[in-house]
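Here the protein sequences come in this chain order: H and D. Position one of the first sequence corresponds to residue 4 (our numbering), numbered consecutively onward. Position one of the second sequence corresponds to residue 4 (our numbering), numbered consecutively onward.
Some clues are possibly wrong.
If chains are identical, the list can't say which one is meant, so a pair holds when it fits in one copy or spans any two.
Stated by the list, open to error - Under the rule of at most 27 angstroms between Cα atoms (straight-line distance), these lysine-lysine pairs were calculated in the DSS-like manner:
(1) Lys229 with Lys405
(2) Lys252 with Lys7
(3) Lys7 with Lys229
(4) Lys405 with Lys126
(5) Lys120 with Lys252
(6) Lys126 with Lys85
(7) Lys7 with Lys120
(8) Lys120 with Lys404
(9) Lys126 with Lys229
(10) Lys120 with Lys323
(11) Lys120 with Lys85
(12) Lys289 with Lys126
(13) Lys85 with Lys289
(14) Lys405 with Lys7
In case anyone wonders, no lab produced these hints; they're calculated from the structure.
Number of protein chains: 2
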Amino acid sequence: MSLKGNALVGQSGGPTAVINASLHGVIEQAMQHAEIADLYGAVRGVQGLLGEDLCDLRAETAETIARLSSTPAAALGSCRRKLNDADYARLLAVFRAHDIRYFFYNGGNDSADTTHKVGQLAKESGWEMRVIGIPKTVDNDLGFTDHCPGYGSVARFNALALQGSGLDTQAMATVDTVKIFETMGRNAGWITAATALARAQAGDPPHLIYLPECSFAPARFLADVKRVVDRGQGCVIAVCEGLRDAEGKPIVTFKHAVGTDSFGHAQLGGLGEFLVDLIANELGIKARADKSGTIQRSFGPAQSPVDVAEAKMVGAEAVKAAVGGASDVMITLVRTSNHPYQCTTGTAPLEAVANAERPVPEEFINADGNDVTPAFLEYARPLIGGPVPPVARLTMVRVTKKL
Amino acid sequence: MSLKGNALVGQSGGPTAVINASLHGVIEQAMQHAEIADLYGAVRGVQGLLGEDLCDLRAETAETIARLSSTPAAALGSCRRKLNDADYARLLAVFRAHDIRYFFYNGGNDSADTTHKVGQLAKESGWEMRVIGIPKTVDNDLGFTDHCPGYGSVARFNALALQGSGLDTQAMATVDTVKIFETMGRNAGWITAATALARAQAGDPPHLIYLPECSFAPARFLADVKRVVDRGQGCVIAVCEGLRDAEGKPIVTFKHAVGTDSFGHAQLGGLGEFLVDLIANELGIKARADKSGTIQRSFGPAQSPVDVAEAKMVGAEAVKAAVGGASDVMITLVRTSNHPYQCTTGTAPLEAVANAERPVPEEFINADGNDVTPAFLEYARPLIGGPVPPVARLTMVRVTKKL
Chain H
4 MSLKGNALVG QSGGPTAVIN ASLHGVIEQA MQHAEIADLY GAVRGVQGLL
54 GEDLCDLRAE TAETIARLSS TPAAALGSCR RKLNDADYAR LLAVFRAHDI
104 RYFFYNGGND SADTTHKVGQ LAKESGWEMR VIGIPKTVDN DLGFTDHCPG
154 YGSVARFNAL ALQGSGLDTQ AMATVDTVKI FETMGRNAGW ITAATALARA
204 QAGDPPHLIY LPECSFAPAR FLADVKRVVD RGQGCVIAVC EGLRDAEGKP
254 IVTFKHAVGT DSFGHAQLGG LGEFLVDLIA NELGIKARAD KSGTIQRSFG
304 PAQSPVDVAE AKMVGAEAVK AAVGGASDVM ITLVRTSNHP YQCTTGTAPL
354 EAVANAERPV PEEFINADGN DVTPAFLEYA RPLIGGPVPP VARLTMVRVT
404 KKL
Chain D
4 MSLKGNALVG QSGGPTAVIN ASLHGVIEQA MQHAEIADLY GAVRGVQGLL
54 GEDLCDLRAE TAETIARLSS TPAAALGSCR RKLNDADYAR LLAVFRAHDI
104 RYFFYNGGND SADTTHKVGQ LAKESGWEMR VIGIPKTVDN DLGFTDHCPG
154 YGSVARFNAL ALQGSGLDTQ AMATVDTVKI FETMGRNAGW ITAATALARA
204 QAGDPPHLIY LPECSFAPAR FLADVKRVVD RGQGCVIAVC EGLRDAEGKP
254 IVTFKHAVGT DSFGHAQLGG LGEFLVDLIA NELGIKARAD KSGTIQRSFG
304 PAQSPVDVAE AKMVGAEAVK AAVGGASDVM ITLVRTSNHP YQCTTGTAPL
354 EAVANAERPV PEEFINADGN DVTPAFLEYA RPLIGGPVPP VARLTMVRVT
404 KKL
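One chain only, chain H, in its complex shape:
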């Protein structure tokens, strides 16, 4: 069962605030196993591997390695690359040339697919190696795992950002009445849903939440907005960039202008600005849009400590599992208790992970399709590693009028 040789770790797909914590976990754990000789990093994931671009992780200082857990983005560099048959053959050649017997690939569905196929080809070719997927995605849409490393931190950022942006809107409610707060999430609304964690008491923003799991109907949306605006305290709306209409088409598609003649007059996309426009035209109400874009997944100070610890844990568990003989699996997170929150790890077949997508389930979305349920809050609250900070709420005892 003991397999001796070198190990390789790579990072794939969109960065998160904690993917480097998983790298930290891999490195720290790999150093503890005599089976693992050299420990290499793939520079820019499989893209680097194709060019045989490997770096020596044992050459890094202890200080650098310790800092990985608090460093957002992807320290080894990342890529988005779909491989063809020739690419897979090339990967295997690189593995053989460098005696790679352990391959750890940190990513989402596509990376699980890549890792699985690498493992299959190695087996068919008689190259003994163990391949393990390490979960990562801010979108939180992987199956077989309670949640995904990276999600807790993007959720924390958005809860904190919505809290502030919501207070800002309420302060300016008679000027900029509506705030559109756009989050990431191409096909699933997990990130948008997390803005609900900004609420500390009833009536707190966000007042409306729209997920791509429910088709977006402009008339219903405008009625919702009007109802909230009429309360007089502003209206803060969290929307997912992936919102779709009843036919499943994106609400707004980014279109590139053609040619330079369009300078200043380009046809431009942007869901937030589209909704600002819709509200202005249909309701005659002024709105503003915030779109933090990649800031939400890379803001170091908003790392969830729970997320950091779990990201590191799945990295370490990947090494333990591989050294123990496992292969062709992804490490999963298994919640064993919610009060107090406790989480351990399991495994799931890479092939199953590669082909599954997990949208926000019905029981987490309210009947009107414009908010989340208490069950979602129960699920998500522990992941952000502590509530949003308390804020001053003036009671504003009114002074008797004299005029």
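Following the hints, complete the assembly by docking chain D onto the known chain H.
Only chain D this time, still in chain H's reference frame:
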């Protein structure tokens, strides 16, 4: 010289992360002066005053007041309202009715103008009162003060956000090569300039910085971008929402679509997306845009401790100055030393403040108009209350190729 009566404080214009710290300073200090009887808050600034909408700040708990300093936005509510002669007369009537002898108004140029005019009218009418402006603006464009409370925190947010977003871009440099990072700043580039504080060493993002103080020339911009992209490590560009062309016209104007027929095809604004489009069309390079919008001025965890302390200080000093006999002035910040950083307060006539705007001076902008100078960094660094956190930088010692 002693003037007994009630005091009134109001917040005006766009919120900041620390305007409530100034309110905290006013309340705490006002409680210490026997000259001040009741202490009122104007609900939504002058807009509330016109409706005689005052609240009793002495009725708030000590816990609520202590929390003000860590609460972003504007706890009393704010407004943007230009007053006419009838409005000013009404304000004076409210002041007389409630025996307001001290008026503290926390805002920017326009608020200074309002406060000055209130003071003038009171004097002409024989109503003895003292009016003091308290500076506030994320834009940092007030004259007569070294910097403005609110700026240090928006600068801190943007330095932190650009650091993360920059790492994100570098990690994905072969996929999403260019990042457009759009900040606030209608007429002055102070906020955008602060993204330079994200750099810890040469070559760190942002690679290019464009301020509205320099006219924006697309051809020069594209040449800059191409030069940075060719280095192969991605290109991170900080731009100010207020960028203007050689004729002084905004690069992109937000246009509302007319009618619902335009659903999905509205002509939409957005500088970031315009530049993404320009780069795609002219250079054939993929870019993304981040626009944190109001998040940047309301993100509690990014408050600069220096900014919080100074915002509280100018609030307290406003009360001390007024009780001491001053009127018709704004409290200013006066830097007395940079190593170590030390700052005290002064005063400037409200009328002068009302009519001055302070753009980023030439000595803070490099000759090419695409970056800031070391002198700017010297100026801005102390204001964010500590550097951005260190990050792991893998040395990536390459493994010798074998294929």
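Hints and how they fare:
1. For the homomeric pair Lys229 and Lys405, neither the shortest alpha-carbon distance inside one copy (34 angstroms) nor that between copies (66 angstroms) is at most 27 angstroms.
2. In this homomeric assembly, Lys252 and Lys7 never come within 27 angstroms of each other (Cα to Cα): the closest approach is 51 angstroms inside a single copy and 66 angstroms across copies.
3. Taking the shortest Cα distances, Lys7 and Lys229 never come within 27 angstroms of each other, neither inside one copy (66 angstroms) nor across copies (46 angstroms).
4. With identical chains, the CA atoms of Lys405 and Lys126 are at most 27 angstroms apart between copies only, with a shortest distance of 22 angstroms across copies and 87 angstroms within one.
5. With identical chains, the CA atoms of Lys120 and Lys252 are never at most 27 angstroms apart, being 31 angstroms at best within one copy and 55 angstroms at best between copies.
6. Taking the shortest Cα distances, Lys126 and Lys85 sit within 27 angstroms of each other inside one copy (21 angstroms), while across copies they are farther apart (75 angstroms).
7. Proximity of Lys7 to Lys120 under the C-alpha cut-off of 27 angstroms is restricted to the intra-copy arrangement: shortest distance 22 angstroms within a copy versus 82 angstroms between copies.
8. For a Cα distance limit of 27 angstroms, the shortest separation of Lys120 from Lys404 across copies, 24 angstroms, qualifies, whereas the shortest one inside one copy, 75 angstroms, does not.
9. In the homo-oligomer, the alpha carbons of Lys126 and Lys229 never lie at most 27 angstroms apart, since the shortest distance is 61 angstroms inside one protomer and 45 angstroms across protomers.
10. Taking the shortest alpha-carbon separations for Lys120 and Lys323, only the intra-copy value of 21 angstroms comes in at or below 27 angstroms, while the best inter-copy value is 73 angstroms.
11. In this assembly of identical chains, Lys120 and Lys85 lie within 27 angstroms of each other by CA distance solely inside one copy; the values are 12 angstroms within and 66 angstroms between copies.
12. For the homomeric pair Lys289 and Lys126, neither the shortest alpha-carbon distance inside one copy (61 angstroms) nor that between copies (38 angstroms) is at most 27 angstroms.
13. In this assembly of identical chains, the alpha carbons of Lys85 and Lys289 lie at most 27 angstroms apart only when taken from different copies (18 angstroms versus 43 angstroms within one copy).
14. Proximity of Lys405 to Lys7 under the C-alpha cut-off of 27 angstroms is restricted to the inter-copy arrangement: shortest distance 20 angstroms between copies versus 87 angstroms within a copy.
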